[in-house]
Structures are given as C-alpha cells and as structure tokens.
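**Student:** This is what each chain is made of:
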Amino acid sequence: MSTSGIGQSVRRVEDIRFITGNGNYTDDISRPGQTYAFFVRSPHAHATIKSINTKTAAAAPGVVGILTGKELAADKIGGLICGWMIHSKDGSPMKAGAHPALAVDKVRYVGDHVAVVIAETLNQARDAAELVEVEYDVHAATVDTATAAKPGQPQVHAEAPNNTVYNWHIGEKDATDAAFAKAAHVTKIDLINNRLVPNAMEPRAAIGDYDRGTGTYTLFTTSQNPHVARLVLSAFIGIAPENKLRVIAPDVGGGFGSKIFIYAEETVCIWASKKVRRPVKWVCDRTEAFLCDAHGRDHVTHAEAAIDASGKITGVRVKTTANLGAYLSTFASSVPTYLYAPLLSGQYNIPNIYCEVDGVYTNTAPVDAYRGAGRPEATFVIERLVEVAARELGRDPAEFRMHNFITTFPHQTPVIMAYDTGDYGASMKMALDMADYKGFAARKAASAKAGKLRGVGFSAYIEACGIAPSKAVGSLGAGVGLWESAEVRVNPVGTVEVLTGSHSHGQGHETTFAQLVSHRLGIPIEQVTIVHGDTDKVQMGMGTYGSRSGAVGMSAIQKALEKVIKKATTVAAAVMEVPEDTIDFNDGIFEARGTNKKMAFGEVALQAYVAHKFDSEKIEPGLKEGAFYDPKNFTFPSGVHIAEVEIDPETGITKVEKWTAVDDFGTLINPMIVEGQVHGGIAQGIGQAMLEGTVYDKSGQLVTASFMDYCMPRAHDLPSFNVGMTTTPCTTNPLGIKGCGEAGAIAAPAALINAITNALGHENIAMPATPQAVWQAAKSSPHKIAAE
Amino acid sequence: MYAFDYRRPATLNEADLALKAAPGAKLLAGGQTLIPTLKQRLANPGVVIDLSAIPDLKAITRKGDTLHIGAMATHAEVAGSKDVAAAIPGLATLASHIGDPQVRHKGTIGGSLANNDPAADYPAAALALGATMHTNKRTLSAQDFFQGLFATALDDNEILTEISFPIPKRFAYAKFPNPASLYAMVGVAVAETAGGPRVAVTGAGTDGVFRVPALETALTGGFKADALKSVTIPTTGINGDIHGSPEYRAHLIGVMARRAVAAA
Chain G
69 MSTSGIGQSV RRVEDIRFIT GNGNYTDDIS RPGQTYAFFV RSPHAHATIK
119 SINTKTAAAA PGVVGILTGK ELAADKIGGL ICGWMIHSKD GSPMKAGAHP
169 ALAVDKVRYV GDHVAVVIAE TLNQARDAAE LVEVEYDVHA ATVDTATAAK
219 PGQPQVHAEA PNNTVYNWHI GEKDATDAAF AKAAHVTKID LINNRLVPNA
269 MEPRAAIGDY DRGTGTYTLF TTSQNPHVAR LVLSAFIGIA PENKLRVIAP
319 DVGGGFGSKI FIYAEETVCI WASKKVRRPV KWVCDRTEAF LCDAHGRDHV
369 THAEAAIDAS GKITGVRVKT TANLGAYLST FASSVPTYLY APLLSGQYNI
419 PNIYCEVDGV YTNTAPVDAY RGAGRPEATF VIERLVEVAA RELGRDPAEF
469 RMHNFITTFP HQTPVIMAYD TGDYGASMKM ALDMADYKGF AARKAASAKA
519 GKLRGVGFSA YIEACGIAPS KAVGSLGAGV GLWESAEVRV NPVGTVEVLT
569 GSHSHGQGHE TTFAQLVSHR LGIPIEQVTI VHGDTDKVQM GMGTYGSRSG
619 AVGMSAIQKA LEKVIKKATT VAAAVMEVPE DTIDFNDGIF EARGTNKKMA
669 FGEVALQAYV AHKFDSEKIE PGLKEGAFYD PKNFTFPSGV HIAEVEIDPE
719 TGITKVEKWT AVDDFGTLIN PMIVEGQVHG GIAQGIGQAM LEGTVYDKSG
769 QLVTASFMDY CMPRAHDLPS FNVGMTTTPC TTNPLGIKGC GEAGAIAAPA
819 ALINAITNAL GHENIAMPAT PQAVWQAAKS SPHKIAAE
Chain V
97 MYAFDYRRPA TLNEADLALK AAPGAKLLAG GQTLIPTLKQ RLANPGVVID
147 LSAIPDLKAI TRKGDTLHIG AMATHAEVAG SKDVAAAIPG LATLASHIGD
197 PQVRHKGTIG GSLANNDPAA DYPAAALALG ATMHTNKRTL SAQDFFQGLF
247 ATALDDNEIL TEISFPIPKR FAYAKFPNPA SLYAMVGVAV AETAGGPRVA
297 VTGAGTDGVF RVPALETALT GGFKADALKS VTIPTTGING DIHGSPEYRA
347 HLIGVMARRA VAAA
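Heads up: the sequence lines are chains G and V, in that order. Throughout, the numbering used here is defined as the position within the first sequence, counted from one, plus 68. Throughout, the numbering used here is defined as the position within the second sequence, counted from one, plus 96.
Certain hints may be false.
Stated by the list, open to error - Within a straight-line C-alpha distance of at most 27 Å, the following computed DSS-like cross-link-like pairs (lysine-lysine) qualify:
(1) K627(G) with K666(G)
(2) K387(G) with K138(G)
(3) K343(G) with K256(G)
(4) K265(V) with K517(G)
(5) K847(G) with K122(V)
(6) K325(V) with K852(G)
(7) K135(V) with K723(G)
Hints are computed from structural coordinates only; laboratory data are not their basis.
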C-alpha cells in the first residue's frame, strides 16, 4: 500500500503556502482600476428611512459613486433569497418579508445595508460615508427570542404577523401524547441554545469586476459554494445569466457555514462594478462581521421525555422557538426544522417523537447555519434530557444511555431518519475506558478535599451528514439538489487534475482528495492536483458544508475514477492486444492475467492521447471522465464525548480537566486531519458552552460586537483532547465515509454542561456557563466541599 | 483612521514644543490603546507625537530604597529586568501577565499609567506601592495622579517621564481576567510598605483604581490572607457589566486580595 493513500496521516500539502504567507485570499487580489466600497449601515435596529441625502458625500474627494436601494430597484436587481420552503402545520407556506441588498424603506437590524460608497481608496470611501445623511424614524425593536411572537411586539415585517415565519411540526402528536399518558416518569427541561457569532479568521470579502468587452461579470468572493452563489446571483437576483457570470472563491480562511450564504455585499459589489465601470472591492472589517455575518443557533426550548418503568424512553416532546433574525438568510428556514428535529432521536430507540418549531423574526442579525446547523441544537436537547432523566431516576448516566441505545440496524426513527449502521455501545465502552470513568469518584473526592467541585458529563451524539439525497430534500422543500460533481482529467504523462464542486476553506481537500486518487490510481499524490472554487473551471457543484465533502464530494470523485479506470482498461487491452476482461488493475499497473504483459497507468495515459495503437473509430482518444454523485441517504456519524471539569466555587472558574472523544466517522481518509477536525469542533463547542455569549440590548444594539466582549475559545481554555475512533463504515456510499467536520461542535456543549451540572449538583445553569454564572450557581450547590 | 501629522521629537523639550504647537495632539508611547482607537476612527487628534526617539525614557535603575522605571520602558522590559525582579518581584510578574507577547513588547508603563484605563494592571500597582509620578514639569503621588476613568492629573501639555517605586517589604498582584478581553475584571495589588499595608483595586471601580481601607486595616495586625476573611466588600462604587455584576466583582476583590497576600 502506498504511503499517501487512504488511511495515511499525510501532511497537508496546502499548509506550506498558508503558513508562508503565499495563500491567495480575496483580499490578496487586486484588479486593474479597482475601487473600494464602504457600506453605510443602520445604527438602529428598527427604523423607517425618511430620507437619504448623498449630495455632500458625492462631492467628497475620490468618490466614484454612491448607490442606494433606489438604484438597485431601478435596475430590477432582485432581493436576497431563502432557498428552502417550509410549510406551517396548517399547510400554509412560510411568511417571508422582502430582503433587498440595500434597504428601501426600512432598516431592520443594526448593520443593515443603507447605501454603498465607492471611492478610489478605502479611506476616501469611509470619509464620504460619514457625509451621507440618513434621516431615520426610529421604532421600538423586537429582540428577545422567547417573546418575539407575543401579540403587541414591534413587527419586523408586515408579511409576517406576530413576527411568525412559520409554526412547523414533525412527528405524531397523538401517539406521543399517548406515550406520555402512560409514562412511569416524565423528565422536563427548559433550555436556551445561545446565539453565536461565527468569526471565521478571514472576514468576508468580494470583488466585482465587469468586462465591458465581453459583457461578462467576475466575482471573487469568500464562498463555501461558488456555484450556488452563481446560481442565486443569476437565476434569482438577476445580475446576469450564468454563462456571463463567473464566480471565483480562491483560498478562503474558514467558513463554519457563515460563507455558504449569498449576502448583500457581494451582490452590491458585482452589480456596482457595471454601474461605476470599475472593479469594486469590499473587505469586511471585524465589527461588520460581528454585526452582519449570519449568526448561529438562538433557540428557546422546552423538552420532555416519557420513560417507562423499565427505564426505556417511550416518547420525546419538544417545543422550540427559533430566532431567524431580521431577514431569512439563504438556508435559514431549514436549519431549525429539517436539520434539527429529525435528529431528536439521538442514539436512542424512541418510538414516539413530536416536535414543534416556531420560526420568528427579530431585529437582530440573520441567523443561519453555523458548524453543525440544527444538529448541535438537537444534540443539546436530547443529551441534556437523557442526562437529567438518568439523574432523576438515580441511574448511572452511561448505563442509562446504553439501556436505551439502538442496537440493530438499519433503524428507522419516527422523525424521517433511517440510520444505516453504527455501534453506539462500542463507542461508549471505549470512551469510559479512555476517560477512566471508574476512577472518577476518587478524583471527585480529591477535588472536594481541595475545596473544588468536580463533575463528569456525557454526550452520546448523532448527526446527519452528507447532505443529501436530492429527491428527498426536494420533497422537504429544498430549492436545490444536493449531489456533487467531479471531473478527473488525466494528462498524457499520467499526472491528474481533479475538478471538484466541493470547496476547501480549511478542510484540507487538496490533501485528502489527492489521497483518494493516489490510492485508486496507484500514483503519488505529488502527481495529483485538486482544482476547486472557480465556476469557469469546474462545471457545477454544490459546495462544502454539513460535512458533505468526504461522503458526497469524494464519492463523486470515486465514481469518476472508476470511469477513468474503465476507459484506461479499454485502452490498455487494445494496446496489449488482450481481451479487456483479462486485465486487472492494481497499484497503478494494468496486467493481463495469464501473460507477462503489463502497462503502468502513465503508459496507458500516454497511449490514450497519442492514439497510435487502437482504432479511434471504436475507442475515443483521451482520458477524462466526469461524474455526478447523488447520495442514497444521509450518513450518520456518532460518538461519545466525556467531559470532566473542576469548578473553583470561590471564583466560578471552570477548568476543563479531561476531554475524551470517541467518534465513529466510518472510513478515515487522513486520520490526522480527522483528529484536527475533532479538536477544532470541540474547541467551538466548549466556546459555546462556556465562553461565547451574544448579547443584544433591548434597543437591538449588539453589546458583544468585538473580541473585547465576545469571548472566543483560546488555547488556555482547552485541555489536551483524548481522541479515539471506532469504525462502522457507512453502507450507503462507495467509500464508507460518514463525515467528521461538525461532530465536535455538536457533541461538546451537552457534555460540558452535563459535567458542570454534575459538579454543581443542580441543573440551574445556562450557556455560556461563564465564571460569573457558575459562581452564582455554585452558591446553591448541595455538594459539600472542604472548608477553605 | 483619519489622516494626522506625525512628529517624532528627539528631546523632551522638542516634545514639549510640539505639544504646545498642536492643541489636541496625542502622545504616542507604545500605542496599544491609541493605535486601535485611531484605526476605529474613535479619535481624530490631528497630530500624533511619538515619544520613542527621546533618549533616557526607558531606563530601569535602583537607587537605594527606590526603583525607578522610565515611562517608555515596555512591559516586557519591566518583566525581564533583573533590578525589578530583585527589588519588587511581584511587579515583574504583573508586567509579564499584561496582554500578550506583542502587547508586552510594544506597550509601556508610562502609556498605561497616563491612559489610566480602569481595567489596566499598572495603576493598581502604582497606587498600592505608593509610587511617585515624575513628569517633565513636576512630581505627583499616585494618590493624586489617578483621577477617575481614563483621567489623570496630567495637564494637556505634560509628559510622564518616570515612575519611582519605594521598595516594599512585600508586594503581589492577583488578577481575575475578563474572559474575553483578558483585561482585569478585578485586579488586586497588595503591598506591605514602610507606611503600613496598602491594597489597591483595578477593574472593579466605577471611578477607576481605588484603595480599600477595610482590607488595609485588617492587614495591620499581620500581613496574612486569613486576616482578610472576615472583611466583606460593599458593592458601593463597584461597577457591573455583562461579565460581572457589582456583587460578583465585590466578592472577587476579597478572593483576589487573599490570593495576592498569600502570594506576596
């Protein structure tokens, strides 16, 4: 087996350029004659725009143009869209207000786009922006998730009475209520899943460039899915037909979901480049990112579990209010519905589940997918619920979970999902060993002696990755199919270019995808180049999010590779003058069984292109194949995380002492990269649970609009992670891959809050469990600790 | 950033003249507050006067029972100074925990004290140690120097040049950092000085750095952490924000004071 194939921890080939400053990010790109855009943004959360006076600003030095919603509407540029239709319980379609790229009559959150100033330099654009006079009639704002739909709240959109976008539900209500009626025990919890600001290291950026000679637009932008951006900008927003619009997403420094969406800024830059007849560049500053990047989470939930006398969970009932922000972002509607509730079965055999979700508008930044997108919220609900149930029943939380685990596969849950495979008990047992769960009581006693509270918490998560079978998501309201495409181009000397519709913005595709090619074609990864992120190079693709690039993107590559091998076999057979079916292809060699004839992959490639030794009437010259792969099912990564914490009740500081993660991601392509994804995910999950709190005040001002107040996880907040793997390969894709990109962020919050509540001895702590919150909660802890 | 004129005087006298010539001008020491403020367009001083070319503002020397630190000494230089470590080791430790390495290699003690950020570490140390502030015009006690949030006794045209610290018997500083900014949410400096125990608190006061007479009195009978256990800090004058209520901060003053005394 080669040293660069599947299963090898190959060092990331892209890292050399990143760590030596040779990456090529959007802000590194400059176009001849480029101008700079600066957005005039609303300082109010909710106001009517009475007037916009740009006269003084337009005369300021260096100003090239100032554009507002009026010009946008005059050019018939459409509003931003939400690409997933959700229907309410009563069958009515969701109630969405318009989302113009530049506000027309009203502004609906602090940071909303009012006008764009385009100038020769960024500083000139900023200077002029300060001279744009906007007269507002300021209204009261709706900010709070829980009360947004109550009568009498300020109305965000006239189209959505009581700020309600939809009242959605899933599952069988009557059957679930019946299960509760018969329950021996009912556990009830109230949870808030805190709003998060994504904070990718590279802020968003865009350059719009219109070529008057060809009538073609080029958009350079920080996108996780450039083809989806092109599709939306063409078909819905109406910038230009697809054949006249090229979208390039070059190196992108992190996304976490926030760069899936099609935002106002890139729409304005590409449109404005024709208006001002110059390329227009915009680079988001950190404050703008805090205000305007689509945020994540923000749920208020009541959840209940019905448990029978034997300790089996017989029903789960959930009522969630999801804050969608001031406008529906690109996939906002799907995140708290189909990406959330179908995961509420967790790893458990639960016959009855019913979930209601109210999606509400507020005068806050739009909320959309953020690492995990619905699945962290579901895991937090079910794993808090199960933990509290075990405590109320006086059962060991690990044992109680195992008592309820699904043990036979495939397993159909009552909420859409059909799990293909898994071994939840194996992950739990391995995690218990690695965490030395048996030794916990002694460690707790030692902590108590030192005046500290020690706790342990579990999270047995499941997620659905590899989004998704196109027909299935279409029936649920998705506006797109969610296949992936690949093209494998073999050059005459046997080097290979792979064009993929996936997009790498930190995941290491240039390494892992090349490993697959190396493995299958038997060539070193140095001979493989992965091409992505340019709609002129890659024909079509759906991009990277939802841990889909391995399960879906690599399956497409695998499919194209099989076609290449088939064609190469035909060529080799003709050249070696043997029947095709006598040829075996192993480790890069085509060998005719029962003869001493063989050809290396590179020789076959050359023969395919010179076309001297076969009949080109029968065999086409060349070696290039494409494939579209549509997944048969979601994939279901799962695992068990165990957090162990020590709380100093005097200060409220929680130290994460130990973190054990045992994950089942199916086939691993590059274990090192997978482990890195786990580390990063846990860091984000710990961030959500302990550090990251997004605070809007009552008027809708974002209080936590900088790193001075919004606490991102740092190395000193994190322990050394103890990571293990179990493997049950996915049965529904050719490589057995399940996906690993979000698992840590999904698993971690519940594990950590379960550990903190275990230490405290009560459940009264919300995320983020900051030192102040923990100090307050520790005062009412029933646990005895040594006197100081 | 708004456009500004940049001056880099070679002497204190030149700096003085530059200040007089440009009302509203800002002095640039390490720039760890001023530069971000300028970048965010929160200040528009017109003229920035960089003090980094003036010689002799960085010296750290011990003269008898007093430690002298030049206003332009960086946090890293204070943290790494053998003289500071020998005379007031807790001050070196304090300096080594300000910000991050980049901040410590640019930020200066004089810049920090003259800015008097209510969450900065140095003001607590200066007040607890009974430091003397030397300017190009006069000397001031720390007690008189600090005058509320971001306010000092410095005149518009006055330049802080040196800080002198009487060497105490013992000194330590205990910081409870704001989880996000890592500035002090509560920082307590304790010193056993010739004039008795002194306790100063940063990060927690609605009016900036302040001394805590109740804690000082409690330590008079013996410089021991246990002596502080019975002291309750009232919430009067204690600030609150999303990270810490007045109650939490008042509580932390007691905790950090005990930890500082134990470490001193």
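**Student:** For each hint, tell me whether it holds in the structure or not.
**Tutor:** Hint check:
1. Of the supplied pair hints, the one linking K627(G) and K666(G) holds, its CA atoms being roughly 24 Å apart against a limit of 27 Å.
2. Using a Cα cut-off of 27 Å, the hinted pair K387(G) and K138(G) is violated, with the two alpha carbons roughly 41 Å apart.
3. The hinted pair formed by K343(G) and K256(G) fails the criterion: a straight-line CA distance of about 58 Å is larger than 27 Å.
4. With a C-alpha separation of about 33 Å, the suggested pair K265(V) and K517(G) falls outside the 27 Å cut-off, and the hint is violated.
5. Of the pairs offered as hints, the one joining K847(G) and K122(V) is violated, with about 47 Å between alpha carbons and a cut-off of 27 Å exceeded.
6. For the given pair, K325(V) sits about 20 Å from K852(G) by alpha-carbon distance, which is consistent with the 27 Å threshold.
7. As the CA atoms of K135(V) and K723(G) are separated by approximately 36 Å, the hinted pair breaks the 27 Å bound.
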